[in-house]
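From first to last, the protein sequence lines stand for chains Z and R. Numbering-wise (our numbering), the first sequence opens with residue 1 and increments by one. Numbering-wise (our numbering), the second sequence opens with residue 301 and increments by one.
Please note that the accuracy of each hint is not assured.
Selected chain R positions facing chain Z (in silico; Cβ < 7 Å) [stated by the list, open to error]:
id, residue
1, Ala436
2, Ile443
3, Thr460
4, Ile624
These are calculated hints, taken from the structure and not from any lab test. Note that beta-carbon positions come from the ideal geometry of N, C-alpha and C, so glycine has one too.
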Amino acid sequence: MDYADYLIQQGINAISLGSLYALVAVGLSIVFGILRLTNFAHGDMMMVGAFSTLLSSLAGVPFLWGIGIGVVAGAAGGMIMERVAYRPVRGAPDVTLLLTSLAVTYILENLGILVFGSSPKNFPLPDWLDTSWEFRDGALTFTSINVLTVALTVVSLLFLGWFVTRTTTGLGMRAAAEDMGAAHLVGLNVNRLIVAAFALASAYAGLAGVLWAAQAGVVQPLMGFTPLLKAFVAAIIGGFGSIGGALFGGYLLGTLEVAIVAFLPDEISPYRDPIVFALLIVFLLFRPGGILQPNREEKL
Amino acid sequence: MSHTIRTRLIVAAAILLAAIVAVFGPGLLGDYFTRILLLICMNGVLVASLGLCNGFTGVFSLGHVGFVATAAYVNGILSLTAEQSASLLPNLPAWLSGWGMHFLPATLIAGLVTAALAALVGLPLMRLSGHFVSVATMGFLIIVNGVLVNADEFTRGSRTFTGVPLDTTLPWAMGWLVITLLVLARIIYSPIGRAMRAVRDNAIAARGIGINVLRTRLLAFVVGAFFAGVGGSLYARYLGSFSPATFYFSMMINQIAMLVLGGMGSLSGAMIGVVVIGTMTELLRALERGFSIDGVTMPPLFGASQIALGLVFILIMIYRPTGIAGGREIVLWPRTSTRPAPSVEEAPSRN
C-alpha cells in the first residue's frame, strides 16, 4: 500500500464523517440562528430517527422508505419538543433556554432507555447496502454506506439551499434569524416559522441518526450524545447560527479528526476528543463568530 | 441584642446542631437514613460551591464536575499505600506513589489542585459571557474526562479505580458542609459578594463603578472549584471505587437540577434543592426497582426517577425560573435591612 492510497482512504473517511457532522451541525445552527437556543436535545432526534427506521424495517418496510420514516419521525419529534418545552420559555435569558434543553435531553435519553433498554440493538441493513468495494488490491475500501451517506448529504443540503433561498417559509426563517421583531412587524407568522425551523432542523438530525446507525451497525438511546457535542464544535468553528458555516465546520472537523488519528503518533491520537474541545475553547476565545465572521464579539 | 451578636448566636447554634447530628445521628437513624444524610451533605458542598459562580456572578459554568472528577482522582491516588499503587497503578511516577495519605491533608491538597486548575482555566474562560461560557466550560468537562480516560498510568483509564479507603463518615461530610457554607456566606455577604451580584446583573455598569469584572468572576470560579475539590474528595472516599464515567454529564445535570430547583442566587436555595431532589430520588428509587401492592405488581421502570427529575426541571424553568427560594435567604429572625437579592429573572437578557 503506498502513501497516496492511504491519503485517499483517509480522505474518504473524512468526507463520510464530515457529512454526518455537517448534517447535525446544520440543524443546530438553524435553531440557534432564530432562537439563540443551544439545543442539547438536538442529538436525541438522531435517536428518534434511528429507532423509527429500525422499527419500520423490523415491520418489513423497505429500507429506503425506512429512511424516510426516520426523517419524518425526527421532524415530528422536533415539533413536539418545540411546542411542549421551548415555546413556554421563549424570550427567557440564554441560560434558561440552555437549561431547558439540558432537561429535555435528560428526559428523552432516559425515556429511550426506559422504552428500548440501554444495551445497543443491532441495526439490520439490506443486502444491497451491506457491500463494499475494494480497489488497488484492497488498499482502498469504501462501503456502500459511505456512498449513501455522501449522496444523501449532498441531496439534502441542495434541498436546504433551495428551501432557504426560494420558498416563502425559508426566506421567512432567514428573516426571523436576522431580526425576529422586524419579521413579526412585517406580518410573518413567527410561531409557524419557528415550528418549521425545528421540523427542518430535526429532520436533518433524524437523517444523520439513521446514517450514523447504519455506519455503526447498532442503535442505542445515548447514540446522539457524542455527535451532538462534535456538532457544537463544528457549528461554532463555522460561526454559530450560519448554515454555510455549519457545513464548512462539519467537514473541517471531520477532516481534522481523521487527520489526528491517521497522522499523529499513537500516544497522542487517543486524545482526539480533548484536542477537539480545546480547539472549541480557542475558537470561543479568539474567533467567537467562527472562521467566516471574525468580527462578531461575544466577550465581556 | 445587636444584629451581629444575634447572627453569631444563630450560626453557633446551627453548628452545634450539626455537630450533634453528625456525632449521634448514625446511632439513632440507622444505616439507610445516615446514608441519605451523608449524600445530602456531600451534594450540599458541591451544589453550594456550584452556586457561587453560577448563581452570583452570572457565569453559568457546566464544568464544575470536571473539578470534582480531578479532585476525586487526586485524592484517590494520594490515598493508596505502596502495595496498592504497585498492584493498581504499576506505572505511576515514584513521587506520587505510596503516600497512603490521611483524609484531611489529601482533601486539602485535592482542593488546592482544583483551585489552581480553575485559576488556569478561568483566566481565559471567565472573559466569555452568556451561553458561550457555558459551552466552553462544558468543553473543559469533556477535556477532563478525555484525559482521565486516556491517562492510564495515573487513573487506570476507563477501568474502575479501586482501593480508596472508605473514610467519608457523617462527621467528616457534615463538618465540610458547615465550613463550606460558612466560607461561602462570608464571601457572598461581603463587599466582594456585592461586586459579584453587580457583575451578574449588569457587567457594564459594574465595570463603570470600578469593579474588575474578570477578577470578580475568577475569584468565584476558583473558590467554587476549591470546594468542588473538597466535595470530589468526599465522594472518592465515600464510593471507594469509581471511574471517569462516575463524574460526568449525569452528575452535572443532577447538580444543576438541584441548584436550579432550589434557586440560584442564595445558599438556602442550593440547600433546599439538594434536600428536595435527594429525597425525591430516594422515593423514586422504590418505583424503579418495582414493587407489589395487594397482588398488583409494578414492573421495574429503569430511568423513571431521571425522567421525573427532568420533568420537574422543565416545569421549574417554565413557571419559576428563580427556583423555590427565588434568590432569598432563609433568615430565622429577619433583620429589617435584609432585602432579597435581585432575581436572575430581572437581569437583562443579552439578546
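Ascending list of hint numbers which this structure does not respect: The structure conflicts with hints 3 and 4, although it agrees with all the remaining ones.
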